[in-house]
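A.B. asks: One-letter residues, chain by chain:
4 protein chains.
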Amino acid sequence: MPTRKALSEVAHDFHGRGWMAGTAGNLSARSASRPDCFWITASGLPKGQLEPSDLILVDSESDEVMQRFKDSAKPSAEVAIHRCIYGLFPEARACFHVHTVEACLAAGRVSADADSLPLPALEMLKGLGLWDQKPQASLALFDNLLDVPQIAAQIQQRFQAQPPQIPALMIRDHGVTVWGASLQQAYNRIEIVEFLMSYLARRP
Amino acid sequence: MPTRKALSEVAHDFHGRGWMAGTAGNLSARSASRPDCFWITASGLPKGQLEPSDLILVDSESDEVMQRFKDSAKPSAEVAIHRCIYGLFPEARACFHVHTVEACLAAGRVSADADSLPLPALEMLKGLGLWDQKPQASLALFDNLLDVPQIAAQIQQRFQAQPPQIPALMIRDHGVTVWGASLQQAYNRIEIVEFLMSYLARRP
Amino acid sequence: MPTRKALSEVAHDFHGRGWMAGTAGNLSARSASRPDCFWITASGLPKGQLEPSDLILVDSESDEVMQRFKDSAKPSAEVAIHRCIYGLFPEARACFHVHTVEACLAAGRVSADADSLPLPALEMLKGLGLWDQKPQASLALFDNLLDVPQIAAQIQQRFQAQPPQIPALMIRDHGVTVWGASLQQAYNRIEIVEFLMSYLARRP
Amino acid sequence: MPTRKALSEVAHDFHGRGWMAGTAGNLSARSASRPDCFWITASGLPKGQLEPSDLILVDSESDEVMQRFKDSAKPSAEVAIHRCIYGLFPEARACFHVHTVEACLAAGRVSADADSLPLPALEMLKGLGLWDQKPQASLALFDNLLDVPQIAAQIQQRFQAQPPQIPALMIRDHGVTVWGASLQQAYNRIEIVEFLMSYLARRP
Numbered sequence: 001m002p003t004r005k006a007l008s009e010v011a012h013d014f015h016g017r018g019w020m021a022g023t024a025g026n027l028s029a030r031s032a033s034r035p036d037c038f039w040i041t042a043s044g045l046p047k048g049q050l051e052p053s054d055l056i057l058v059d060s061e062s063d064e065v066m067q068r069f070k071d072s073a074k075p076s077a078e079v080a081i082h083r084c085i086y087g088l089f090p091e092a093r094a095c096f097h098v099h100t101v102e103a104c105l106a107a108g109r110v111s112a113d114a115d116s117l118p119l120p121a122l123e124m125l126k127g128l129g130l131w132d133q134k135p136q137a138s139l140a141l142f143d144n145l146l147d148v149p150q151i152a153a154q155i156q157q158r159f160q161a162q163p164p165q166i167p168a169l170m171i172r173d174h175g176v177t178v179w180g181a182s183l184q185q186a187y188n189r190i191e192i193v194e195f196l197m198s199y200l201a202r203r204p
Numbered sequence: 001m002p003t004r005k006a007l008s009e010v011a012h013d014f015h016g017r018g019w020m021a022g023t024a025g026n027l028s029a030r031s032a033s034r035p036d037c038f039w040i041t042a043s044g045l046p047k048g049q050l051e052p053s054d055l056i057l058v059d060s061e062s063d064e065v066m067q068r069f070k071d072s073a074k075p076s077a078e079v080a081i082h083r084c085i086y087g088l089f090p091e092a093r094a095c096f097h098v099h100t101v102e103a104c105l106a107a108g109r110v111s112a113d114a115d116s117l118p119l120p121a122l123e124m125l126k127g128l129g130l131w132d133q134k135p136q137a138s139l140a141l142f143d144n145l146l147d148v149p150q151i152a153a154q155i156q157q158r159f160q161a162q163p164p165q166i167p168a169l170m171i172r173d174h175g176v177t178v179w180g181a182s183l184q185q186a187y188n189r190i191e192i193v194e195f196l197m198s199y200l201a202r203r204p
Numbered sequence: 001m002p003t004r005k006a007l008s009e010v011a012h013d014f015h016g017r018g019w020m021a022g023t024a025g026n027l028s029a030r031s032a033s034r035p036d037c038f039w040i041t042a043s044g045l046p047k048g049q050l051e052p053s054d055l056i057l058v059d060s061e062s063d064e065v066m067q068r069f070k071d072s073a074k075p076s077a078e079v080a081i082h083r084c085i086y087g088l089f090p091e092a093r094a095c096f097h098v099h100t101v102e103a104c105l106a107a108g109r110v111s112a113d114a115d116s117l118p119l120p121a122l123e124m125l126k127g128l129g130l131w132d133q134k135p136q137a138s139l140a141l142f143d144n145l146l147d148v149p150q151i152a153a154q155i156q157q158r159f160q161a162q163p164p165q166i167p168a169l170m171i172r173d174h175g176v177t178v179w180g181a182s183l184q185q186a187y188n189r190i191e192i193v194e195f196l197m198s199y200l201a202r203r204p
Numbered sequence: 001m002p003t004r005k006a007l008s009e010v011a012h013d014f015h016g017r018g019w020m021a022g023t024a025g026n027l028s029a030r031s032a033s034r035p036d037c038f039w040i041t042a043s044g045l046p047k048g049q050l051e052p053s054d055l056i057l058v059d060s061e062s063d064e065v066m067q068r069f070k071d072s073a074k075p076s077a078e079v080a081i082h083r084c085i086y087g088l089f090p091e092a093r094a095c096f097h098v099h100t101v102e103a104c105l106a107a108g109r110v111s112a113d114a115d116s117l118p119l120p121a122l123e124m125l126k127g128l129g130l131w132d133q134k135p136q137a138s139l140a141l142f143d144n145l146l147d148v149p150q151i152a153a154q155i156q157q158r159f160q161a162q163p164p165q166i167p168a169l170m171i172r173d174h175g176v177t178v179w180g181a182s183l184q185q186a187y188n189r190i191e192i193v194e195f196l197m198s199y200l201a202r203r204p
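Chains as they are written, first to last, in full-length UniProt numbering: chain B, 1 to 204; chain A, 1 to 204; chain Y, 1 to 204; chain G, 1 to 204.
No wet-lab data here; the hints were simulated from the structure.
Treat the hints with care, since some could be wrong.
Over 10 Å on every C-beta distance to chain Y, these chain G residues come out as not near it, computed from the model [to be verified]: (1) ASP115; (2) ARG172; (3) TYR199.
Capping the alpha-carbon separation at 25 Å, the derived lysine-lysine pairs in BS3-like fashion look like this [to be verified]: (4) LYS70(B) <-> LYS134(B); (5) LYS5(A) <-> LYS70(A); (6) LYS70(A) <-> LYS74(Y); (7) LYS74(Y) <-> LYS74(A); (8) LYS74(Y) <-> LYS126(G).
Where is the CB? At the ideal position from N, CA and C, for every residue including glycine.
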């Protein structure tokens, strides 16, 4: 399936789960023909009705818009985070960011200055590449700043110094971002991360 | 899409989410051709099966029924609240009212005489127009009176004196009402408000 | 829509909500042509795949099977409760019984010997016919006995002495039964009762 | 419906419920024509898109792959548990294993060295074959070991010494496994077991 079509179907799927309420969240995938560019959802659109023509091609170096199908379309405000992920992880070909009640509740369970959220040692962690019997893993937490490029800079600095244990991060009071070597892998991984968030949100 | 068709689709959508159980809730939108009138769901109908012909055209000044497709159809009992919203906010073109367990639980977390519900400083607030880093916002709370026009009068009085921080209000033990400059904007906004209610209902 | 077709669609709908898991629950409606008989779901069938031919016609007086489309079909084990409801409430034309986690949790919040479950004074009660400003209502609770006709006898005795406040009852650790003057009314009412159960199950 | 088609439909169904997130879980059913073999879901595939050709035929004695439609397909890592179940229970013809937040939470409510999880005395237990008025039943708990054949060996040893009360088991921090004399019976039973897990996870 062409990348833009696939991304719009993921948008419909995630909106139906309540993960992209009220235009929230953004999805991207590297262009198959131009891997130095990625397609990203346009800003401010309801994700339950996203069309393939609502994807915008952005240069992952320069942030320049390379292609758009609607004149008014602007890349998501969080394009800086997607660029940062593609820059840090050359193998990443898709990057998804969603907003869920569960992730916000889970992150609210650690102190406000914690920089990571310990994950429960559930079997599901195997799907994120952790094959220990009782894996001790955590999800990197970042503060939710109004200035998105500043969040991206903090991600860049932290992950360059120390790569994350799992291919995901959480912006507190905001939501998770997950990436993968394919659209399907990012899809599988975000399901796992949200499973873990749901468990943490509900654990007594 | 014609307004009546669009409203009936929203009704099916929200019923499927459990937001309009047992004929609860009501949806309206200004007529495109006659902006002094609005279409509103007829009273007492199951929203999962609402048809375009179940919408009634009401004059927003006089409350008079201007058009109906079924003789037995009566406007929703809460038409007074919709009229009040369209009167207060000329830019509003759609107004949605739903009943959710989450909103009732969230409002139950503040004292019974509180007149507002503090909202969590989540990223989602941006979708309601609040762009501060840690927005301090609250949702206006009203008592649930048997006499609906009296609720409308209280909304009128309060919002005329001080416009609400966000385009929404909550009637305690009842449900939220949200409005927007288009049907789609009202749809996006009610998703956000319910996201916040769900968070508040579940926050420890 | 013919009664049997309508009942099978309700079964699919409720199964999809998790209200009829693992063959649980039963649905009935009076025959349009023979109001002394009612159609009831056959015993032990998965409700997500119920077909119109899985409904059985039962005489509401004698309990005799009047019509069936599959030789092996037996009426639901809880047919005695449906007969009791149709006998007590001549206006009832449909009766639905479902099993939900929420109703079991809600009923578990009152002491084990309580005979009724106080309902929250939510707006939703209007849909059950309670139009007071802060209605004080409760749901009749019955013990879950292995001998279903004995449960039916207890319902009969109690409701004959004092009609219930709302057209519903709850068998503890089991589920609610709701009835209405039409299939649609029973459908609307069970949505409301489950809304209330969900609220009670989650209220702090 | 052919077995492989039926299993793929169950996979789509359970994925839609969040029971098979991120490629988790596995489903199997004995071959109709060769009851000494069973079809099992291939490893590492997203269950929402499973196709009939993603099922692999495995010999239940030797663990040998008897048939596959895609060269790269490998049987699920948990094939050892399915073999163990078919060996222990000759009447079993289908075996389903899913991962849910509710089951992990429910099992987390007993001490970490408990070997069984007491089940609530709900009516739903009848669907698992327990017809006492207040059944005292429990679900066998096993530790989640990295070495799956070792889990299978523990199941084998325990159930051979004492058959389980209900046709199900739970691997702590992982998920339940349920079996039945037909695909439909396993389907009904897993719905019941997950209903019980959801109740336990939420009970105060």
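A.B. asks: If a hint holds in the structure, say so; if it does not, say that too.
C.D. replies: Taking the hints in turn, this is what the structure says about them:
At the 10 Å boundary, the C-beta of ASP115(G) stays outside the reach of chain Y, the nearest C-beta of that chain being 25 Å off. A cut-off of 10 Å between C-beta atoms confirms that ARG172(G) is not in contact with chain Y; the least separation is 21 Å. At roughly 5 Å, the least C-beta separation between TYR199(G) and chain Y is not larger than 10 Å, which violates its mark as non-interface. The straight-line distance between the Cα atoms of LYS70(B) and LYS134(B) is roughly 49 Å, outside the 25 Å bound, and the hint therefore fails.
Proximity of LYS5(A) to LYS70(A) is assessed by CA-CA distance (about 16 Å); at most 25 Å being required, the pair is judged to hold. Straight-line distance between C-alpha atoms of LYS70(A) and LYS74(Y) comes to about 42 Å, which puts the hinted pair past the 25 Å bound. Restraint check for LYS74(Y) and LYS74(A): not satisfied, since their Cα atoms lie roughly 44 Å apart, outside the 25 Å limit. Annotation: proposed proximity of LYS74(Y) to LYS126(G) holds, straight-line Cα distance about 17 Å (limit 25 Å).
Checked against the numbered hints listed earlier, the structure breaks hints 3, 4, 6 and 7; every other hint is satisfied.
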